[in-house]
Structures are given as structure tokens and as C-alpha cells.
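Please put together the full structure from these sequences, using the hints given.
Line order of the protein sequences matches chains A and B. Just so we're aligned, residue 3 is where the first sequence starts under our numbering, counting upward by one. Just so we're aligned, residue 99 is where the second sequence starts under our numbering, counting upward by one.
Honestly, I wouldn't trust all of these hints.
Claimed, not checked - Covered stretches of chain A (in silico footprint by chain B; criterion: 3 or more residues with CB under 8 Å from a CB of chain B, positions within the stretch not fixed):
1. 7-19
2. 37-49
Unchecked claim - Pairs of lysine-lysine, PhoX-like flavour, derived with a Cα cap of 20 Å:
3. Lys193/B with Lys67/A
4. Lys158/B with Lys201/B
5. Lys59/A with Lys193/B
6. Lys13/A with Lys104/A
7. Lys67/A with Lys13/A
8. Lys20/A with Lys67/A
Said to hold, decoys possible - Sample of chain B residues with no beta-carbon within 10 Å of chain A, all distances over it, derived:
9. Gln131
10. Thr169
11. Ser180
Derived by calculation from the structure, the hints in this document are not laboratory data. Think of the CB as a built atom: it goes at the ideal place given N, C-alpha and C, for glycine as much as any other residue.
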Amino acid sequence: EAAVTQSPRNKVAVTGGKVTLSCNQTNNHNNMYWYRQDTGHGLRLIHYSYGAGSTEKGDIPDGYKASRPSQENFSLILELATPSQTSVYFCASGGGEVFFGKGTRLTVV
Amino acid sequence: GDQVKQSPSALSLQEGTNSALRCNFSIATTTVQWFLQNPRGSLMNLFYLVPGTKENGRLKSTFNSKESYSTLHIRDAQLEDSGTYFCAAHYGNEKITFGAGTKLTIKP
Numbered sequence: 003e004a005a006v007t008q009s010p011r012n013k014v015a016v017t018g019g020k021v022t023l024s025c026n027q028t029n030n031h032n033n034m035y036w037y038r039q040d041t042g043h044g045l046r047l048i049h050y051s052y053g054a055g056s057t058e059k060g061d062i063p064d065g066y067k068a069s070r071p072s073q074e075n076f077s078l079i080l081e082l083a084t085p086s087q088t089s090v091y092f093c094a095s096g097g098g099e100v101f102f103g104k105g106t107r108l109t110v111v
Numbered sequence: 099g100d101q102v103k104q105s106p107s108a109l110s111l112q113e114g115t116n117s118a119l120r121c122n123f124s125i126a127t128t129t130v131q132w133f134l135q136n137p138r139g140s141l142m143n144l145f146y147l148v149p150g151t152k153e154n155g156r157l158k159s160t161f162n163s164k165e166s167y168s169t170l171h172i173r174d175a176q177l178e179d180s181g182t183y184f185c186a187a188h189y190g191n192e193k194i195t196f197g198a199g200t201k202l203t204i205k206p
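The following block contains the structure:
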């Protein structure tokens, strides 16, 4: 099965600070995704990518940037973190069927 | 969001009984995935479907693209089936959108 690794697994950040969430996949998948999960909303798509150098806006991109420097790595960047961005963030990769990492719990205080 | 409507939102079953979960799509869905999120929060892949039916043990899933829905049938429910089930619609250019989930509780 596809291996998708997220780091860190837990993060506490201060309001206004910069946060970078990292994701690595070892299965040579073209597509990678970032979602956030909040109670009552399921998983919502923030950004996604078709391959190295590509980033696309998902359904809720405001306040987030993404970077895909290589096939294996896809980062989610919060330039100015706010408490409303407290959530669990999931990265996924796939070329058809998608596979998820274990999630990153981010708390912005 | 509204593009994928999942029902019911919550369900309680007695161990050993059967049930079905459903997703209705209002977008042109090409393929469907079903996931189980366990109490630790991990998302486990259950099915990846083109139009048609797949079966795996006590689980069976159907995707009907013409009528824009997918179902997940659980037979002989066990305690370890508890968790939140999500369907996800693949559409457009590799975008994937999720339903809000069905929280399933299995009672002994």
C-alpha cells in the first residue's frame, strides 16, 4: 500500500506565526492533496498538485499556500496562522485511488 | 459539501445485523472511494470504484454513475466496524470531494 508520511504529527503555533506542514510519498504518485478536517465538515480540499512544480487551489484555499518542489514532497504553508486554522490536516497522494497520511493536529493559540 | 450528500449521518447497529450507507452526487463523478476513519483518526481505504460493484469480505459497494449514487453494504456487523465512513467523489481534473461522513456505532 502507498506510504504517505506527514510531519509534524502535532504542532502548536502562535497567532501570526508561520507554519509549514510537510508531506512525503514514496510511491511516485503524480497527484497530491491537502485537506483539513473539522467536526461537522468532513474533509475539505485546500490545495492539490498534479506533479512537481504544480499547485492548484482547492475549495478552501484562503490563508494557505502550497509548494510541490519534487514528485515526493508537498508542503502546506500558513504564512500568518490564525486560531481559525486550528484543525487536523491530512495529506494524500494518488494516481487514481488516493491514500492518506495519518494527519497533523495543528493548534493555533 | 453539498456536492456529495451522505446518509445517514449517524447509525447504531446491533452486532450481527446488516445495513447500508449511501452517497448521492450532484457532480459528474468518475470514480468513488469509500474510507473508514478509525477512532485514532486514520483513514483506511475500503473501496475504489468505477461504475459497478466490488465486494470484500462482509463489505460490498456499488457505484451507479447514471443515477449518481454509491452504496456501501455492511453484512453481519462486528464491533470493529465502528467508526466514521466517508465516501469521496473523484471528478473533473483529479479533484476529490468528500461527504460529511456516517458515524457508525456497533453495539454488542
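Status of each hint after checking the structure:
no.	hint	in the structure
1	7-19	violated (count 0)
2	37-49	holds (count 7)
3	Lys193/B with Lys67/A	holds (17 Å)
4	Lys158/B with Lys201/B	holds (18 Å)
5	Lys59/A with Lys193/B	holds (10 Å)
6	Lys13/A with Lys104/A	holds (14 Å)
7	Lys67/A with Lys13/A	holds (18 Å)
8	Lys20/A with Lys67/A	holds (11 Å)
9	Gln131	violated (7 Å)
10	Thr169	holds (18 Å)
11	Ser180	holds (18 Å)
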